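K.L.:
Sequence:
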Amino acid sequence: MSTSMYSAGPRLEVRFFLRRLRLSENVPFSVWLSDSIVTEATCFTTACSISLSSSVRIGRLISAQDDLNVDHLITRLLEVRGCRPGKTVQMSENEIRALCHKSREIFLSQPILLELEAPLKICGDIHGQYNDLLRLFEYGGFPPEANYLFLGDYVDRGKQSLETICLLLAYKVKYPENFFLLRGNHECASINRIYGFYDECKRRFSIKLWKTFTDCFNCLPIAALIDEKIFCCHGGLSPDLQNMEQIRRIMRPTDVPDTGLLCDLLWSDPDKDVQGWGENDRGVSFTFGPDVVAKFLNRHDLDLICRAHQVVEDGYEFFAKRQLVTLFSAPNYCGEFDNAGGMMSVDETLMCSFQILKPSEKKAKYQYAGLNSGRPVQATQRAGTPGGLQKKK
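Under UniProt numbering, the letters of the sequence shown match residues 1 to 393, in that order.
The hints are simulated quantities; they were obtained by calculation from the structure and are not laboratory data. A few of these clues could be false.
What the hints assert, rightly or not - Derived CB-CB ranges, DEER-like:
#1 88 - 334: 18 to 26 Å
#2 242 - 348: 40 to 48 Å
#3 202 - 90: 29 to 37 Å
#4 71 - 317: 15 to 23 Å
#5 174 - 255: 22 to 30 Å
#6 281 - 206: 18 to 26 Å
#7 276 - 145: 37 to 45 Å
#8 87 - 294: 24 to 32 Å
#9 291 - 94: 49 to 57 Å
#10 83 - 276: 29 to 37 Å
This structure is a prediction, so every number in the text was calculated from the model and none was measured. Note that the Cβ used here is the ideal one computed from N, Cα and C, for glycine as well.
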């Protein structure tokens with residue numbers, strides 16, 4: 001276990017039960033405060049025989065067996081836990097490309113609408129804040145100690161989008177049935193071309209690698225159902241969404257269109273001042289009111305919508321009488337906000353608890369010690385149940 005590098009302040013856990021357990025809406029939350037928390041943070045093979053003239057340059061065909069050792073990659077990505085935040089991880093372009101190819105293959109082998117089983121932990125936007133991603137894993141348990149669902153927006157804005165997305169993809173390859181990634185609006189070429197990921201790929205490797213990531217992102221799943229009671233996506237609801245089969249019919253690979261169901265699932269936002277559907281200040285998709293949330297849950301016999309996409313001060317924020325929750329997992333977002341980062345744990349009974357990473361002190365002094373020092377993380381439910389998290393059909 002790595003050393004704790006930050007002082008995170010008190011830990012706040014708020015627990016609530018979903019309607020499925022038929023508790024009254026008036027039942028108060030139970031709140032626990034403790035002193036401090038540890039807050040540091042198919043094999044893809046291209047094989048063919050080609051006969052070419054000597055005048056043609058033959059490029060080396062990439063094989064994940066040759067270029068990707070996922071265990072070694074994860075080890076290198078985790079070695080920086082004891083270092084100052086921002087330290088880059090040495091990776092080769094070939095192994096990153098192989099990682100993208102293997103991940104893409106896994107994404108396409110699994111449904112676009114994931115059907116998952118609790119227990120698992122759900123995280124919101126990360127946005128290239130790699131050290132904060134490590135802090136989340138320190139708190140929640142590194143895979144396979146816990147099962148995870150991430151809601152998208154892994155790249156852009158932060159300084160280490162490459163380390164962030166590579167660790168997440170590596171865990172997906174290592175634990176494909178216990179680690180899940182949804183697509184966010186920043187996993188789209190037209191967006192991450194502008195907001196930082198393209199420039200980071202170009203500066204550290206090549207434009208070609210950025211295009212490889214684009215091919216991978218175009219195959220990410222879009223939404224998830226947890227025990228048929230919690231609907232998860234990056235953005236929100238869509239006026240075009242009448243049944244779940246519409247999501248299942250979306251074909252991959254696909255770019256994100258400017259309008260329509262896929263666009264809305266990645267871009268829409270709740271708005272307490274709206275009844276029905278309204279204009280979105282982003283200039284994309286819509287906003288939706290509490291009435292839309294209630295109708296959606298009733299129509300599909302669901303208890304909760306869990307989404308990301310917006311900065312919220314406490315790392316999580318309820319909407320529509322606790323029928324929707326927004327998660328945001330990048331504390332001190334962009335170094336400009338004083339927000340906390342939130343992670344939601346869902347246990348087998350669908351009881352949900354929120355773990356909070358308090359924003360770090362801006363002038364914090366970082367500790368350097370052995371990777372085995374520091375307090376242990378909170379005990380978590382171990383993953384690895386037969387068949388993984390995906391529900392059997």
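K.L.:
Indicate, hint by hint, whether the structure satisfies it.
P.N.:
Hints, verified against the model:
1. The given range of 18 to 26 Å is respected by residue 88 and residue 334, whose C-beta atoms sit roughly 19 Å from each other.
2. Between residue 242 and residue 348 the beta carbons are some 31 Å apart, a value that contradicts the proposed interval 40 to 48 Å.
3. Separation of residue 202 from residue 90 is about 18 Å and departs from the stated range, judged on CB atoms against 29 to 37 Å.
4. Roughly 38 Å separates the CB atoms of residue 71 and residue 317, a value that falls outside the hinted 15 to 23 Å.
5. Judged by the Cβ atoms, the range 22 to 30 Å given for residue 174 and residue 255 holds: they are separated by roughly 28 Å.
6. In this structure the supplied range 18 to 26 Å is violated for residue 281 paired with residue 206, their Cβ-Cβ distance being about 36 Å.
7. Checking the proposed 37 to 45 Å range against residue 276 and residue 145 shows it holds: the Cβ atoms sit about 43 Å from each other.
8. Hint check: residue 87 to residue 294, Cβ distance near 47 Å, so the stated range 24 to 32 Å is violated.
9. Distance hint for residue 291 and residue 94: a CB-CB separation of about 52 Å, consistent with the stated range 49 to 57 Å.
10. The hinted window of 29 to 37 Å between residue 83 and residue 276 is violated, with their beta carbons roughly 50 Å apart.
Checked against the numbered hints given earlier, the structure breaks hints 2, 3, 4, 6, 8, 10 and satisfies all the rest.
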